[in-house]
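Since the structure of chain A is already known, use the hints to place chains B, C and D on it.
Chains as they are written, first to last, in the numbering used here: chain A, 3 to 351; chain B, 3 to 351; chain C, 3 to 351; chain D, 3 to 351.
Warning: the hint list may mix true and false statements.
Said to hold, decoys possible - As a list, the in silico EDC-like pairs of lysine to aspartate or glutamate whose alpha-carbon atoms are at most 16 Å apart:
{"no.": "1", "chain 1": "C", "residue 1": "K11", "chain 2": "C", "residue 2": "D78"}
{"no.": "2", "chain 1": "D", "residue 1": "K105", "chain 2": "D", "residue 2": "D78"}
{"no.": "3", "chain 1": "A", "residue 1": "K98", "chain 2": "A", "residue 2": "E182"}
{"no.": "4", "chain 1": "B", "residue 1": "K198", "chain 2": "D", "residue 2": "D311"}
{"no.": "5", "chain 1": "D", "residue 1": "K197", "chain 2": "B", "residue 2": "E207"}
{"no.": "6", "chain 1": "C", "residue 1": "K219", "chain 2": "D", "residue 2": "D311"}
{"no.": "7", "chain 1": "A", "residue 1": "K98", "chain 2": "A", "residue 2": "D71"}
{"no.": "8", "chain 1": "C", "residue 1": "K73", "chain 2": "C", "residue 2": "E95"}
{"no.": "9", "chain 1": "D", "residue 1": "K269", "chain 2": "D", "residue 2": "D311"}
{"no.": "10", "chain 1": "A", "residue 1": "K197", "chain 2": "C", "residue 2": "D311"}
{"no.": "11", "chain 1": "C", "residue 1": "K197", "chain 2": "A", "residue 2": "E207"}
{"no.": "12", "chain 1": "B", "residue 1": "K197", "chain 2": "D", "residue 2": "D200"}
{"no.": "13", "chain 1": "C", "residue 1": "K123", "chain 2": "C", "residue 2": "D200"}
{"no.": "14", "chain 1": "B", "residue 1": "K73", "chain 2": "B", "residue 2": "E99"}
{"no.": "15", "chain 1": "D", "residue 1": "K105", "chain 2": "D", "residue 2": "D153"}
{"no.": "16", "chain 1": "D", "residue 1": "K11", "chain 2": "D", "residue 2": "E120"}
{"no.": "17", "chain 1": "D", "residue 1": "K154", "chain 2": "D", "residue 2": "E124"}
{"no.": "18", "chain 1": "C", "residue 1": "K39", "chain 2": "C", "residue 2": "D78"}
{"no.": "19", "chain 1": "A", "residue 1": "K197", "chain 2": "A", "residue 2": "E207"}
{"no.": "20", "chain 1": "B", "residue 1": "K197", "chain 2": "D", "residue 2": "E207"}
{"no.": "21", "chain 1": "B", "residue 1": "K105", "chain 2": "B", "residue 2": "E95"}
{"no.": "22", "chain 1": "C", "residue 1": "K154", "chain 2": "C", "residue 2": "E99"}
{"no.": "23", "chain 1": "D", "residue 1": "K198", "chain 2": "B", "residue 2": "E95"}
{"no.": "24", "chain 1": "A", "residue 1": "K219", "chain 2": "B", "residue 2": "D311"}
{"no.": "25", "chain 1": "B", "residue 1": "K105", "chain 2": "B", "residue 2": "D78"}
{"no.": "26", "chain 1": "C", "residue 1": "K11", "chain 2": "C", "residue 2": "D80"}
{"no.": "27", "chain 1": "B", "residue 1": "K198", "chain 2": "D", "residue 2": "E207"}
{"no.": "28", "chain 1": "C", "residue 1": "K197", "chain 2": "A", "residue 2": "E228"}
{"no.": "29", "chain 1": "D", "residue 1": "K219", "chain 2": "C", "residue 2": "D311"}
{"no.": "30", "chain 1": "A", "residue 1": "K9", "chain 2": "A", "residue 2": "D80"}
{"no.": "31", "chain 1": "A", "residue 1": "K198", "chain 2": "C", "residue 2": "D200"}
{"no.": "32", "chain 1": "C", "residue 1": "K198", "chain 2": "A", "residue 2": "D311"}
{"no.": "33", "chain 1": "C", "residue 1": "K198", "chain 2": "A", "residue 2": "E207"}
{"no.": "34", "chain 1": "A", "residue 1": "K39", "chain 2": "A", "residue 2": "D71"}
{"no.": "35", "chain 1": "D", "residue 1": "K197", "chain 2": "B", "residue 2": "D200"}
{"no.": "36", "chain 1": "B", "residue 1": "K219", "chain 2": "A", "residue 2": "D311"}
{"no.": "37", "chain 1": "D", "residue 1": "K98", "chain 2": "D", "residue 2": "E77"}
{"no.": "38", "chain 1": "D", "residue 1": "K198", "chain 2": "B", "residue 2": "D78"}
{"no.": "39", "chain 1": "B", "residue 1": "K219", "chain 2": "B", "residue 2": "E124"}
No lab work stands behind these hints: they were computed from the structure.
The structure displayed is predicted, hence computed values, not measured ones.
Protein chains: 4
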Amino acid sequence: MESSEKKIKVGITGASGHSGVELVKILSAHPMVELAKVTSRSLAGQAVVDSMPGLAHLLGADFKFSASDPKAQAEDADIDAWFLALPHGVAAEYAKELIAAGKTVIDLSADFRLGSLERYKEFYKADHPAPELLRMGRYVIPEILPPQRGDKLIACAGCYPTSIQIPLTPLYRAGLLSTEHVVIDSYSGVSGGGKKADLFYAYCERNESARGYGMPKHRHLSEIEEQLGIAAGREFFVQFNPHLAPMTRGISTTITVPAVAGASIEKLYDVWNKEYALRRFVRILPSGVFADTLLVNGTNRCDISAVHDSRTGNFVITSAIDNLVKGASGQAVQIMNILLGFDEACGLL
Amino acid sequence: MESSEKKIKVGITGASGHSGVELVKILSAHPMVELAKVTSRSLAGQAVVDSMPGLAHLLGADFKFSASDPKAQAEDADIDAWFLALPHGVAAEYAKELIAAGKTVIDLSADFRLGSLERYKEFYKADHPAPELLRMGRYVIPEILPPQRGDKLIACAGCYPTSIQIPLTPLYRAGLLSTEHVVIDSYSGVSGGGKKADLFYAYCERNESARGYGMPKHRHLSEIEEQLGIAAGREFFVQFNPHLAPMTRGISTTITVPAVAGASIEKLYDVWNKEYALRRFVRILPSGVFADTLLVNGTNRCDISAVHDSRTGNFVITSAIDNLVKGASGQAVQIMNILLGFDEACGLL
Amino acid sequence: MESSEKKIKVGITGASGHSGVELVKILSAHPMVELAKVTSRSLAGQAVVDSMPGLAHLLGADFKFSASDPKAQAEDADIDAWFLALPHGVAAEYAKELIAAGKTVIDLSADFRLGSLERYKEFYKADHPAPELLRMGRYVIPEILPPQRGDKLIACAGCYPTSIQIPLTPLYRAGLLSTEHVVIDSYSGVSGGGKKADLFYAYCERNESARGYGMPKHRHLSEIEEQLGIAAGREFFVQFNPHLAPMTRGISTTITVPAVAGASIEKLYDVWNKEYALRRFVRILPSGVFADTLLVNGTNRCDISAVHDSRTGNFVITSAIDNLVKGASGQAVQIMNILLGFDEACGLL
Amino acid sequence: MESSEKKIKVGITGASGHSGVELVKILSAHPMVELAKVTSRSLAGQAVVDSMPGLAHLLGADFKFSASDPKAQAEDADIDAWFLALPHGVAAEYAKELIAAGKTVIDLSADFRLGSLERYKEFYKADHPAPELLRMGRYVIPEILPPQRGDKLIACAGCYPTSIQIPLTPLYRAGLLSTEHVVIDSYSGVSGGGKKADLFYAYCERNESARGYGMPKHRHLSEIEEQLGIAAGREFFVQFNPHLAPMTRGISTTITVPAVAGASIEKLYDVWNKEYALRRFVRILPSGVFADTLLVNGTNRCDISAVHDSRTGNFVITSAIDNLVKGASGQAVQIMNILLGFDEACGLL
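If we strip away everything but chain A, and leave its shape as in the complex, we get (with noise of 0.2 Å):
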């Protein structure tokens, strides 16, 4: 990592997680930031290195954890911005100091992206750690939902609501999808279950293993749910059946709607056309080729693609992300990218 004095600086807290070494890797190598600091509670002290030697290229010998505190990071004059890849509910401790001292949050947890305290506690089970900073956040996916000048707290959208988001939302919006019998089924990736010591997630129990979880009410559904409701006008309920595939990174999900009276695939590509085609992180794909997601493993893109089936009369839908780029770490250096002014694409493959 160059130290410069021009750039801007940023820092990370809590990087021991997949998303938090991905972080690391795009932010050490963005040509218009510097990240200054990362840290731990556990680590501080520790060279980053050591807890990420993929990333032995990027990352100086004597880049050390700093330790983690709201207080002190928050007085700390020297970065402007902070990623926050903290589990939620401890998210929002640091949320509260940083904001209060008028930094910019861009925050990878679950604490800022509903809109309802209810809803947080019927899938979080517990009250929302800092209601009063709701307002202020915002949920963002680029390419639909984008941040506006002067935010200062950003909820990035989570890894399954981005791969269902960003094919539906502007569907939803053109009035070209019904809200009832909506059924999500998507295959993640084992790193999106997160870096931990559990045998659930040892090679031997997840090599050769698909399989669902958590269903019927997998915790990002409640930001589904509240989305798509808002692009479309009214609260609806969605079927969302999560699985695990033996894979590392990606996320393959596809979507059964049934279409609206006088919708066609024609018109569906339109909307898409109109929305996306100049975008570019997201890629339309003829209708009849599927999303996959080897072919979007190690980019923040999104692969999109729709078929539409007149004996049912549904559209099925299919998008492919990397969970760790554009479903997390990516998405949120592209936020910061817009944030700051600079091309979105900067820093990011």
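Chains B, C and D only, in chain A's frame:
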């Protein structure tokens, strides 16, 4: 392979694919039958073990492929039952001769799975090669559509259809499920695509790749809709979304289906328990535990489970099978066992 | 599991690891013995199937873990033979009691593999827990170091050592190989590392990872050098380089060893053919064909092959086994079969 | 791909393989050069992105394959440097024309890697296609065999040879290693075998498969022995045992080599530290930590480590690279960076 005067002799036609090898593996270790012949058009005269080196401990070096020849096989007095592990279209040509000669035919292809010639033509893009045999053929999944004494022509159910009908058929028969808005997402291991020198199936194209294919009208849909229609007492359409996951074996199926008024998760499990509690090859998982391909890998078992979502009114049902065993060769041997009067599990794991 | 008065009853102590599950799988389907007890310290009273859901079709729900207790097991008149699938050190504690009570003990741990107490201490960093039993124990690989009538304490060879000694032992006995500059590189599937909630064994840490570990003095080296020394008639050192590859099962071993003057590839194959041509569980591949873990996956077979390099004067020898079958549980059952007078392949693939 | 008047323009001939795609990926995102042409015999006129859908965010739809034509490319005044990602034999045909026209040629094939025509014929079974160019060609691994100002024809080292020479060359130059009894075992990801519609490379054939191939005389051996001979100051033979592991990318190499009298692990690390401490793309791991392909995946780095075994007198050295990056396309771009006067890491991770 031991030779024994008393054992019933069986043969396989077409054993170069994944399910052919699995069939040779199971039958050559079967305690009650002798795998006496394996025929091949292109490999006649070569040692079988040379094509299946993984079975070297089961196959003698002098066990050679015989020539594939429907007439000669029909006249072979030695062999009582033939397994056809051939492409559709080709299988029927063999079946005609073998049936005419009074042999028992257990067909793993799609040729006799459908009752309707129109449906065959619609999905397989060809006229049915042996319409005169259609009435003789019996479509079998032993647990729900068992073979009958005297059956001579068995159409083994396809892999996806097996993973779908085992959970659904008893529930449709019991009237618990809606016939509208049925959505089935399945993820298959790569062996489901066959054994082909095709770049699409290359390791580096499929590793880390999860993706859909063949939507919205995969061939297996014909069989799924025909059979579920019979179970429900009325024809209906389903949305079937097949995918590939980066693993060799296994099918993970997740079905979203509206419950009819009055249906409940308790009633659903009651039906399953009545149907399957005593069946060796179906395991009913508790509600909230989800079927996992790894746990059925190498076995002839189908694991099933369900949850009810009170928000949407849907049941979400998961199942898992090994596509090459319960989805193909294991089920074929299970059927043979029943036809020959053996324990259905004989020679199977 | 069928209960049968006439079958010999066997038990397993310690079945929570990968080889324990494999042992339960093989023994519960074995046609000649009854798996009557599986003991566990922590799981006593729980259904065995709950820990091994993949074996649901083999295990009745009422088959429960008994308490692990060396004395009680020694007094259990029902069980004639015990398999110990325990860590080294612990296994010996059970062996003491069981041997004193006249039981047959088939130990999968390292406790009785070494003839030398010093070597045990050097490699296992502890005093031997039962030196008085050392002379009773017989180190067994059935094809080259068979059990003898009346043996009561069997030390099953380790996984790596099995893959190494099957090709090398007959060649050292025949005097074809140098004892200098022997280099052995082995790649093991991840199950070789055991079933642990350890971040190192997490899916995302091992997928796409090939790497060495434990060099230059892996514990199995003690057993390899002791046994090869006996075969060669003189002690010598070997370089043993163990690695992990991203797969669940299998050991691929490649051995580089100088040929002695007068040795040739023909003589090497002559020795192997004499030794192994009639052995069901060894397959001799032609020179130039290399052993492949996939082809022995799930079997009790060891595939071997060799080439001679006239430029260097070395033989390069490859072997492949399934580490959980021929490298552990399958070989243990093969040994039991021999001790009990059954066909050695009984119940094995 | 941005078009920029000021950027140096480069071209690629033959980009259908894995390393061709990797080259397009790196060069199309490179900040200092413009990838102006990609030529192909069979795909001329088609959009490049159609063959490389994974790079859709980097490649404009109007960027098309040009026709491959050595003469036309030689006359193309626009392009200053050409990368050849072609089979050996074919590459030389292009090199002849391009060199004659004064272009810079960075050849990823084996055509100019060997100094000896006899060796070429021995290992590649054909007369060298352009012996007159052999003297012009420079064999390059930037860290140990750097390009020189004015070089026009670069032979990029092979993938295995790179993983072997980076650790060994400085040690041979320093006289620490014996030239006898050198044994090199390498495990490569499947992409090393190329992108072919070949059953051997099918997913179900390579998954769960670890195995050797091409022993004892793999083509890369020619290059390894020639270069190590130069480093050591005398010709010698090595045993090179290449293998495939079930992963897409990566080479894990383990080298067993006797230390000369007086050599020690400290001296070995001293040599490495002097040579590599400041090199961005070599990471020296502490003795006892072993190189891991996962940690270099997607990077241009080579990780190296060593232990000394006092029992055998051998050093055991491990290294890891990404075969498609440091083993091919990344290293080619690193060389281009040096030739063009950029930072060697420009555009590389």
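Results of checking the hints against the structure:
1. Between K11 of chain C and D78 of chain C the alpha-carbon distance is near 11 Å, which keeps this suggested pair within the 16 Å criterion.
2. Restraint check: the Cα-Cα separation between K105 of chain D and D78 of chain D comes to about 10 Å, which is no more than 16 Å; the hinted pair holds.
3. Restraint check: the Cα-Cα separation between K98 of chain A and E182 of chain A comes to about 39 Å, which exceeds 16 Å; the hinted pair is violated.
4. Distance check on the hinted pair: K198 of chain B and D311 of chain D sit about 47 Å apart at the alpha-carbon level, beyond 16 Å; violated.
5. Restraint check for K197 of chain D and E207 of chain B: the C-alpha separation of about 9 Å stays at or below 16 Å, so the hint holds.
6. Pair hint K219 of chain C plus D311 of chain D holds up; C-alpha atoms about 8 Å apart against a cutoff of 16 Å.
7. Proposed proximity of K98 of chain A and D71 of chain A is supported: the alpha carbons are some 12 Å apart, at most 16 Å.
8. This hinted pair checks out: K73 of chain C and E95 of chain C have alpha carbons roughly 10 Å apart, not beyond 16 Å.
9. Of the supplied pair hints, the one linking K269 of chain D and D311 of chain D holds, its CA atoms being roughly 14 Å apart against a limit of 16 Å.
10. Between K197 of chain A and D311 of chain C the CA atoms are separated by roughly 46 Å; this puts the pair beyond 16 Å, and the hint is violated.
11. Between K197 of chain C and E207 of chain A the CA atoms are separated by roughly 9 Å; this keeps the pair inside 16 Å, and the hint holds.
12. Restraint check: the Cα-Cα separation between K197 of chain B and D200 of chain D comes to about 11 Å, which is no more than 16 Å; the hinted pair holds.
13. Straight-line distance between C-alpha atoms of K123 of chain C and D200 of chain C comes to about 26 Å, which puts the hinted pair past the 16 Å bound.
14. Between the alpha carbons of K73 of chain B and E99 of chain B the distance comes to roughly 6 Å, so the proposed pair stays at or under 16 Å and holds.
15. This hinted pair checks out: K105 of chain D and D153 of chain D have alpha carbons roughly 10 Å apart, not beyond 16 Å.
16. Of the pairs offered as hints, the one joining K11 of chain D and E120 of chain D is violated, with about 36 Å between alpha carbons and a cut-off of 16 Å exceeded.
17. Proximity of K154 of chain D to E124 of chain D is assessed by CA-CA distance (about 27 Å); at most 16 Å being required, the pair is judged violated.
18. At roughly 10 Å between alpha-carbon atoms, K39 of chain C and D78 of chain C fall within 16 Å of each other, so this suggested pair holds.
19. Note on K197 of chain A and E207 of chain A: the hinted pairing holds, with a Cα-Cα distance of about 15 Å set against a maximum of 16 Å.
20. Taking the CA atoms of K197 of chain B and E207 of chain D, the gap is near 9 Å; set against the 16 Å cutoff, the hint holds.
21. A threshold of 16 Å between alpha carbons decides the hint, and for K105 of chain B with E95 of chain B the separation of about 14 Å falls inside it, so the pair holds.
22. Note on K154 of chain C and E99 of chain C: the hinted pairing holds, with a Cα-Cα distance of about 12 Å set against a maximum of 16 Å.
23. For the hint pairing K198 of chain D with E95 of chain B, the CA-to-CA distance comes to about 34 Å; that exceeds 16 Å, so the pair is violated.
24. With a C-alpha separation of about 8 Å, the suggested pairing of K219 of chain A with D311 of chain B holds against the 16 Å cut-off.
25. Of the pairs offered as hints, the one joining K105 of chain B and D78 of chain B holds, with about 10 Å between alpha carbons and a cut-off of 16 Å not exceeded.
26. For the proposed pair K11 of chain C and D80 of chain C, the alpha carbon gap of about 7 Å is at most 16 Å, so the pair holds.
27. A threshold of 16 Å between alpha carbons decides the hint, and for K198 of chain B with E207 of chain D the separation of about 11 Å falls inside it, so the pair holds.
28. A hinted pair counts as satisfied when its Cα atoms are at most 16 Å apart, and K197 of chain C with E228 of chain A does not qualify at roughly 41 Å.
29. This hinted pair checks out: K219 of chain D and D311 of chain C have alpha carbons roughly 8 Å apart, not beyond 16 Å.
30. The suggested pairing of K9 of chain A with D80 of chain A holds, with an alpha-carbon distance near 11 Å, which does not exceed 16 Å.
31. For the hint linking K198 of chain A to D200 of chain C, the alpha-carbon distance of about 8 Å falls within 16 Å, and the restraint holds.
32. Under the criterion of a C-alpha separation no larger than 16 Å, the hint pairing K198 of chain C with D311 of chain A is inconsistent with the structure, at around 47 Å.
33. A hinted pair counts as satisfied when its Cα atoms are at most 16 Å apart, and K198 of chain C with E207 of chain A qualifies at roughly 11 Å.
34. Restraint check for K39 of chain A and D71 of chain A: satisfied, since their Cα atoms lie roughly 12 Å apart, inside the 16 Å limit.
35. A threshold of 16 Å between alpha carbons decides the hint, and for K197 of chain D with D200 of chain B the separation of about 11 Å falls inside it, so the pair holds.
36. The straight-line distance between the Cα atoms of K219 of chain B and D311 of chain A is roughly 8 Å, inside the 16 Å bound, and the hint therefore holds.
37. The straight-line distance between the Cα atoms of K98 of chain D and E77 of chain D is roughly 13 Å, inside the 16 Å bound, and the hint therefore holds.
38. Of the supplied pair hints, the one linking K198 of chain D and D78 of chain B is violated, its CA atoms being roughly 41 Å apart against a limit of 16 Å.
39. Under the criterion of a C-alpha separation no larger than 16 Å, the hint pairing K219 of chain B with E124 of chain B is consistent with the structure, at around 10 Å.
Checked against the numbered hints given earlier, the structure breaks hints 3, 4, 10, 13, 16, 17, 23, 28, 32, 38 and satisfies all the rest.
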